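Peer 1: Read off the chains here:
2 protein chains.
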Amino acid sequence: MPHLPAAGGGRVTRPRVVVVGAGFGGLCVARHLAGKPVDVTVVDRNNFHQFLPLLYQVATCGLNAADVAYPVRGIVRDHANVRFRHGTVTAVDWERRVVAVEDGELAFDHLVVAAGATADFFGIDGAAEHSLPLYTLQDAVALRNHVLGRFEAADADPALVEDGALTFVVAGGGATGVEVAGALVELFDVVLRRDFPDLEVERARVVLVEMGDDLLPPFTGPSRTVARSTLEDRGVEVRTGQAVVAVEPTRVRLRSGEAIAAHTLVWGAGVRAGTLADVLAASGVPVGRGGRIAVEPSLRIPGHPEAFAIGDIAATADGRGGFLPGVAQVAMQGGKHVAGEILGAIEGRPPRSFRYHDKGSMATIGRRAAVAEVPLPFRRTLRLRGTLGWLAWLGLHLLYLIGFRNRLSVLLNWAWNYATWDRGPRLIFGSRPRR
Amino acid sequence: MPHLPAAGGGRVTRPRVVVVGAGFGGLCVARHLAGKPVDVTVVDRNNFHQFLPLLYQVATCGLNAADVAYPVRGIVRDHANVRFRHGTVTAVDWERRVVAVEDGELAFDHLVVAAGATADFFGIDGAAEHSLPLYTLQDAVALRNHVLGRFEAADADPALVEDGALTFVVAGGGATGVEVAGALVELFDVVLRRDFPDLEVERARVVLVEMGDDLLPPFTGPSRTVARSTLEDRGVEVRTGQAVVAVEPTRVRLRSGEAIAAHTLVWGAGVRAGTLADVLAASGVPVGRGGRIAVEPSLRIPGHPEAFAIGDIAATADGRGGFLPGVAQVAMQGGKHVAGEILGAIEGRPPRSFRYHDKGSMATIGRRAAVAEVPLPFRRTLRLRGTLGWLAWLGLHLLYLIGFRNRLSVLLNWAWNYATWDRGPRLIFGSRPRR
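Protein chains in written order, with the working numbering: chain U, 184 to 618; chain D, 184 to 618.
Just chain U, with the same shape it has in the complex (with noise of 0.2 Å):
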């Protein structure tokens, strides 16, 4: 059988802790234990982080697979503390402190769940089927496959846009589905026009469909409005109070009874916690909404003090009976606080209880359209529109890209896009299409 990890030079003495997914959260208590007298393996699946918030915009075109995934060694390999393992957790043994891997098995004295979360399709039927969801760097591609893919398809036979190849119906009106519906009717405006000069173009429709009575529930009521006026300005149907209740390859069926023709529904109306999560609801760890670990306030995974949970398969408390939301900044500060309980039990330090602080919200609609939300100090709110909330979206996600050279890459194709009304990255490659 494989070896155990013997990081940091064979000194085994030293806890071993695992964190399982390269995350925001995982790679937070990755950065935070580096340096301290501990050995640190972070296992992915992927041999890459993936930055979430910008899967969006490589499934519209807007940005390469590469610009949103950098290699977790690049990260860790400057950390003597912090070792990488490729491979896939299967399960947990608690009583002999093992993670087993595919192909062998970690040790660890400090276990880290941070293995995210994967689309919730709520039983509804054929949605897991006939939808593209967009929470992995994979599922980007595939989206941005079939979108170009159906375009093709129609340019070569246009009696298939009647048939509803060019509708593209988006499920859940919260900052995904926001996001991607903008950049859908963008990509459609300013380059498939161009690209497809035989092709009516402006007969694609992009479909918005959200239960709830307003989109991005976490706003306030001026960004919602100004979010839904903006998106149907530039094209995007907007239906809320309105529901998917079925899929099929080339209809999506609403609750009012309509059958909409599309060949394409974008899954944004959930996600729940990833497999990991009902791995260890079977070995007794308490599970709550979604099938996210019931954390403890200190973050703790209930039974076992020695391990924790983060991130998007976490049902975190916010402390006013409800959960905090799947968002980097939640991730990221639950990886901060962790590392510091690790430390903690190490020095015999009690369990401290996490507190999360709002750093706001944002959500991007398109070219010089986004809203943004700040809380500032006495319960105020900064509120940020338009241009204004655009270069502060830009701003931030440059900023939070890890690694210099992506950020540059990210730079220019963005500069690219902007001065060109072009997008360069339109390529069907990399994931096979659905049909």
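No lab work stands behind these hints: they were computed from the structure.
Remember, predicted model here, so these are calculated numbers, not experimental data.
Glycine included, every Cβ here is placed at the ideal spot set by N, Cα and C.
A hint or two may mislead.
If you anchor each label on the Cβ, the simulated ranges turn out as follows [stated by the list, open to error]: (1) U/THR196 with D/MET394: 24 to 34 Å; (2) D/GLU489 with U/SER439: 50 to 60 Å; (3) U/ALA217 with D/ALA217: 49 to 59 Å; (4) U/ALA217 with D/LEU574: 52 to 62 Å; (5) U/PRO432 with D/PRO488: 52 to 62 Å; (6) U/GLY531 with D/GLU431: 53 to 63 Å; (7) D/ALA444 with U/GLU278: 55 to 65 Å; (8) U/PRO432 with D/GLY502: 47 to 57 Å.
Short derived list, chain U residues pointing at chain D, Cβ under 8 Å [to be verified]: (9) GLY270; (10) LEU320; (11) VAL384; (12) ASP397; (13) PHE612.
Once you've looked at the hints, dock chain D against the given chain U.
Peer 2: Then chain D, alone, in the frame of chain U:
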């Protein structure tokens, strides 16, 4: 059934030219027919042009996949009389003058077959199943994923090094083999040594196997000697006068009887004409070595004066009893000639013979090391090597890369690699690994 193309706004009286393949040859035909009194349709199975001379850079993490691919619609959309059709040509009906694609037909008055080549395994036992060719972008991404995957596997289980996980055999001492071998040792030395601190990366081997007595057959003696000694100085084991006779998942067997423990065989030993040539051969078109279409001196397909074949799918006589090599220059000059022939035929001009102008050869071995030869008047040859050869190679490839944006991105990647001794695009993504 889907429509026949009526490109150019329904002026169906204009001669229709169908160009099969958007490689160097096909795009050159389109470019030289742009603005002329013909309607051109370029058809390709990919919606992008692949810059084949740089695939080895994608395979060795020097460039992103998107850096060497450019959407065909972005290239042709400025020309009102040039259209693109996404699809694979499966047959040619000479009687009705139509080519069949998966979901329809394209009618032609003039046909240009520029569909390229595919790896030729010469019937060697196990080669098709267990070796990794390098002729398409998909091949390059698959090779990159495989190489990185072998390092990850060896890191998880060091016993695999003995089994050949880090031994990379390259078959073929032409430009592809030399460039891959040089780029692999550089990737190991410069990047993976730092990425895998627990692994004895110095045990990684690259073995270059060439059947002939020397590397780089198109070059003169002095350049060949430089190439070989540079590769050997950098750690490549060069085996000339040797051949691969059988391939197994973890073993490469040579003619000498030696079995090299290697999980990887890169296939750079030869190509044959693409499958469309086989289809045409079945319809009576004469083919030569490697299934290549045996074209007339005017590059016409014998028996079909309205049809031409250019580039790697054609066997083009060099006028000295041999055939022109499968390089971009031959395809591009062939494309320009064929565009002239088509316009000449429309004007009633008799066929002219194609004459190839050799502009020289280049092969790069790695950081600041390349060989280049440029023919001069009076049968003299300008030879460049080392840094000068490398700079010439760099400039020429940038010059020929289609699209300003790709050039910028490539330059950025190269500048980054050169300045930091690092490689960004080392993702395991986009093509299922072989193991």
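Peer 1: Can you tell me whether the CB distance of U/PRO432 to D/GLY502 sits inside 47 to 57 Å?
Peer 2: holds, 56 Å
Peer 1: Holds or violated: is there a CB of chain D closer than 8 Å to the CB of U/ASP397?
Peer 2: Constraint on U/ASP397 not satisfied, violated at 37 Å.
Peer 1: Is the interface hint satisfied for U/VAL384? The criterion is a beta-carbon contact with chain D at less than 8 Å.
Peer 2: violated, 12 Å
Peer 1: Hint says 52 to 62 Å; check whether the CB-CB distance for U/PRO432 and D/PRO488 agrees.
Peer 2: Violated: the Cβ-Cβ distance is about 45 Å, outside 52 to 62 Å.
Peer 1: Using the C-beta atoms of U/ALA217 and D/ALA217, is the stated range 49 to 59 Å upheld?
Peer 2: holds, 56 Å
Peer 1: Take the shortest C-beta to C-beta distance between U/PHE612 and chain D; is it under 8 Å?
Peer 2: holds, 7 Å
Peer 1: Taking 52 to 62 Å as the hint, is the beta-carbon distance of U/ALA217 and D/LEU574 inside that range?
Peer 2: violated, 40 Å
Peer 1: Holds or violated: U/GLY270 as interface residue toward chain D, Cβ cutoff 8 Å?
Peer 2: holds, 7 Å
Peer 1: A range of 24 to 34 Å was offered for this pair. Does it hold for the Cβ distance of U/THR196 and D/MET394?
Peer 2: Violated - the Cβ-Cβ distance for U/THR196 and D/MET394, about 56 Å, lies outside 24 to 34 Å.
Peer 1: Should the hint that D/GLU489 and U/SER439 are 50 to 60 Å apart at their CB atoms be regarded as holding?
Peer 2: holds, 56 Å
Peer 1: The hint says 55 to 65 Å between D/ALA444 and U/GLU278; measuring C-beta to C-beta, is that right?
Peer 2: Given range 55 to 65 Å: violated, Cβ gap about 38 Å.
Peer 1: The hint names U/LEU320 as touching chain D; please verify it with the least Cβ-Cβ distance against 8 Å.
Peer 2: holds, 7 Å
Hint check: violations occur at hints 1, 4, 5, 7, 11 and 12; the rest are consistent with the structure.
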